[in-house]
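J.: Model the full assembly from the supplied sequences, consistent with the hints where possible.
Here are the chains, one letter per residue:
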Amino acid sequence: MPDAPQEIRFVAKNMRLDLRLIAEMVAPGSRVLDIGCGDGALIEHLTRQKGADARGIEIDMAEATKAVAAGLPVIHGDADQDLVHYPDGAFDYVILSRTLQAVERPQWVLRQMLRIGARAIVSFPNFGHWQLRWKLLVSGRMPDNETWDRPWYETPNIHPCTIRDFFALCAMESHVVERWLAVDDKGLRSPWKRSPWLANLFGEQALFLLRRE
Amino acid sequence: MNDALAPFQRLEHQRETFPDGLQLDCGAVVAPLVVAYRTHGRLNAARSNAVLVCHALTGDQYVAETHPLTGKPGWWEAVVGPGLPIDTDRYFVICANVLGGCMGSSGPPEEMTDAEGRPQGRPWGIDFPSVTIRDMVRAQKRLVDALGITRLMAVVGGSMGGMQVLEWAATFPEMVVAAAPIATATHHSAQNIAFHEVGRAAIHGDPDWMAGRYWEDGRIPAKGLSVARMVAHITYLSEAALGRKFGRKLRGASALTFLEDVFEVESYLRHQGSTFVRRFDANSYLTITRAMDYFDLSAEFGGELGAAFRGTATRFLVASFSSDWLFPTEESRALVRALNAAAANVSFVEIASDKGHDAFLLDEPVFHRALGGFLRGAAERVGA
Numbered sequence: 001m002p003d004a005p006q007e008i009r010f011v012a013k014n015m016r017l018d019l020r021l022i023a024e025m026v027a028p029g030s031r032v033l034d035i036g037c038g039d040g041a042l043i044e045h046l047t048r049q050k051g052a053d054a055r056g057i058e059i060d061m062a063e064a065t066k067a068v069a070a071g072l073p074v075i076h077g078d079a080d081q082d083l084v085h086y087p088d089g090a091f092d093y094v095i096l097s098r099t100l101q102a103v104e105r106p107q108w109v110l111r112q113m114l115r116i117g118a119r120a121i122v123s124f125p126n127f128g129h130w131q132l133r134w135k136l137l138v139s140g141r142m143p144d145n146e147t148w149d150r151p152w153y154e155t156p157n158i159h160p161c162t163i164r165d166f167f168a169l170c171a172m173e174s175h176v177v178e179r180w181l182a183v184d185d186k187g188l189r190s191p192w193k194r195s196p197w198l199a200n201l202f203g204e205q206a207l208f209l210l211r212r213e
Numbered sequence: 001m002n003d004a005l006a007p008f009q010r011l012e013h014q015r016e017t018f019p020d021g022l023q024l025d026c027g028a029v030v031a032p033l034v035v036a037y038r039t040h041g042r043l044n045a046a047r048s049n050a051v052l053v054c055h056a057l058t059g060d061q062y063v064a065e066t067h068p069l070t071g072k073p074g075w076w077e078a079v080v081g082p083g084l085p086i087d088t089d090r091y092f093v094i095c096a097n098v099l100g101g102c103m104g105s106s107g108p109p110e111e112m113t114d115a116e117g118r119p120q121g122r123p124w125g126i127d128f129p130s131v132t133i134r135d136m137v138r139a140q141k142r143l144v145d146a147l148g149i150t151r152l153m154a155v156v157g158g159s160m161g162g163m164q165v166l167e168w169a170a171t172f173p174e175m176v177v178a179a180a181p182i183a184t185a186t187h188h189s190a191q192n193i194a195f196h197e198v199g200r201a202a203i204h205g206d207p208d209w210m211a212g213r214y215w216e217d218g219r220i221p222a223k224g225l226s227v228a229r230m231v232a233h234i235t236y237l238s239e240a241a242l243g244r245k246f247g248r249k250l251r252g253a254s255a256l257t258f259l260e261d262v263f264e265v266e267s268y269l270r271h272q273g274s275t276f277v278r279r280f281d282a283n284s285y286l287t288i289t290r291a292m293d294y295f296d297l298s299a300e301f302g303g304e305l306g307a308a309f310r311g312t313a314t315r316f317l318v319a320s321f322s323s324d325w326l327f328p329t330e331e332s333r334a335l336v337r338a339l340n341a342a343a344a345n346v347s348f349v350e351i352a353s354d355k356g357h358d359a360f361l362l363d364e365p366v367f368h369r370a371l372g373g374f375l376r377g378a379a380e381r382v383g384a
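Protein sequences appear in the order of chains A and B. Sequential numbering of the first sequence, starting at 1, is according to my numbering. Sequential numbering of the second sequence, starting at 1, is according to my numbering.
Derived from the structure by calculation, the hints contain no laboratory data. Keep in mind the model is a prediction, meaning the values are calculated, not measured. Take these hints with a grain of salt, some might be off.
[Unchecked claim] Short, incomplete list of chain B residues facing chain A, as computed with Cβ under 7 Å: (1) Ala343; (2) Ser347; (3) Val366.
[What the hints assert, rightly or not] Sample of chain B residues with no beta-carbon within 12 Å of chain A, all distances over it, derived: (4) Leu43; (5) Leu57; (6) Pro68; (7) Gly218; (8) Lys245; (9) Gly247; (10) Gly252; (11) Leu256; (12) Val262; (13) Val318; (14) Glu350; (15) Leu362.
All residues carry an ideal CB built from backbone N, CA and C; glycine is no exception.
T.: See the structure below:
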């Protein structure tokens, strides 16, 4: 990640790591839809720093209202219901950051993303990380850590997947993986980054750039 | 004005007159066209900071100042003013009385003219032609043109005002940078038409209505208009709001006596009705409720709502209130879906409130933050 220029605002400096990595993937001046945009930090960053026409959908009303009050074009809505109403090819990028595991129909949401956007950027916490595997192996209980911090009966993360699961889904759906990377808990891209097997063991989060076949 | 215009109290309003008049959707021409309006704040040198506020059914142009007739505060003083979401320190705010209204714009209480614009020495009364929301917007457009403004930074309004906002965005998209249709819908529902019809039936049933010619002997159909207002007022509130405010409380008694008991809520509604008839004309009420009932934006675009906004560069803020059953959130969501289908730039929030439809007029800090932020975003965009 290059050094942030001076004019980057507070919000961008403190933006979640995965959002910064996503922002790097977006070409300047693009049309962007951010699904599960929270308070709109990425939208604001893309608008101000990349001259993007960036919009968002957020399911949490308080977050959506915060974004709108900041002058950002965000609608209160639900990826599982609302994507179908956008026309084909309306966006250059459709972003789903750390939300895939929480939607009801991940496969359908991915298809919709690549229908309404030329490219899809998807980030998700990797359920294949060695610590989760270890925890499940030795304790026999559902893992909990910073990312998976809610008990199984309360978690909104109803569709966890691993990096290799995601590769398999993309292959099955004929989505082209243009770029991918995994990062560890420090946010560093490590030497294992070119091997899906190693990334699936050591990557805490995964980030994929997809396009239609 | 001559004495035949009694019983209407004559007030001097700020007005713009257009001698060539306006051709209405129904085919009739109202000439001259008169638009009464008020402005707040200052138009900047680039003429880029104008915000048009559209009022609801029984509102008027006195949006942010003491009403000249009732002496009450402006109807949106919580929203329009210095440092408020529609910031009169930053924006040039215009609010016009709608066509068909009764606060100085061409409408039933004004003097009737023939097709050549010659005065007829009597009010229009029931003979004022049918108007549509689009006619109201065309009249506002004439005013905006006359003020030398080619592009509005924003058009904002709730309820029927929101219908005008949508009509503006659909009819004159190149003139509207940002549009905020609040607590509204793209068409008037059957239920809403039904409630309006109860109100109209009450007016028609009042012996003083005189088939709409009540002005001839200085009367007003006060009973009928009052009942119309009472019914409408119930639709503006919510069960929760009425319960919180009045519950089953009695006026001047602690328990039912089965004699002359009056519930607080009855007393409140009667008061609403009786004050309304002093400020609003019955024929205007009939004209404007009809205009709302006629409103169906998709019908104007071949039955496809998305077509109303195709290719639009306007930014939208759609907002609804959770306890509003007159213009429920689902109708705002349908609007948002149509805007998404047109790939329009749209924000949408449903504000949690138990105050019913009236919430858009009241102290709703979350809504005010959203509207203020949306307008600042629009101002930034046009450099205002």
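J.: Now look at each hint and say whether the structure bears it out.
T.: Each hint, compared with the structure:
1. About 4 Å separates the beta-carbon of Ala343(B) from the nearest beta-carbon of chain A, less than 7 Å, and the hint is met.
2. Residue-level restraint check for Ser347(B) holds (minimum Cβ-Cβ distance to chain A is 5 Å; threshold 7 Å).
3. Annotation: Val366(B) was flagged as interfacial toward chain A, and the flag holds, the nearest CB pair being 6 Å apart, inside 7 Å.
4. Every C-beta of chain A lies more than 12 Å from that of Leu43(B), the closest at about 22 Å, which supports listing it as non-interface.
5. Separation of Leu57(B) from chain A is adequate, the least Cβ-Cβ distance of about 27 Å exceeding the 12 Å criterion.
6. For Pro68(B), the shortest C-beta to C-beta distance to chain A comes to about 34 Å, beyond the 12 Å cut-off, and the non-interface label holds.
7. With a least beta-carbon separation of about 51 Å from chain A, Gly218(B) lies farther than 12 Å from that chain, consistent with its non-interface assignment.
8. Distance check on Lys245(B): its Cβ is at least 26 Å (rounded) from any Cβ of chain A, clearing the 12 Å threshold; non-interface status holds.
9. With a least beta-carbon separation of about 29 Å from chain A, Gly247(B) lies farther than 12 Å from that chain, consistent with its non-interface assignment.
10. Against chain A, the non-interface label of Gly252(B) holds: every CB pair exceeds 12 Å, the least being about 43 Å.
11. No Cβ of chain A comes within 12 Å of the Cβ of Leu256(B); the nearest lies about 42 Å off, and the non-interface call holds.
12. With a closest Cβ-Cβ approach of about 40 Å to chain A, Val262(B) is found to remain outside the 12 Å limit, as its non-interface label requires.
13. In this structure Val318(B) is not separated from chain A by more than 12 Å, as the shortest Cβ-Cβ distance comes to only about 8 Å.
14. Listed as a non-interface residue, Glu350(B) fails to keep its Cβ farther than 12 Å from every Cβ of chain A; the least gap is roughly 6 Å.
15. The Cβ of Leu362(B) lies farther than 12 Å from every Cβ of chain A, with a closest approach of about 17 Å, so its non-interface assignment holds.
Of the hints listed earlier, those the structure fails to meet are numbers 13, 14, in rising order.
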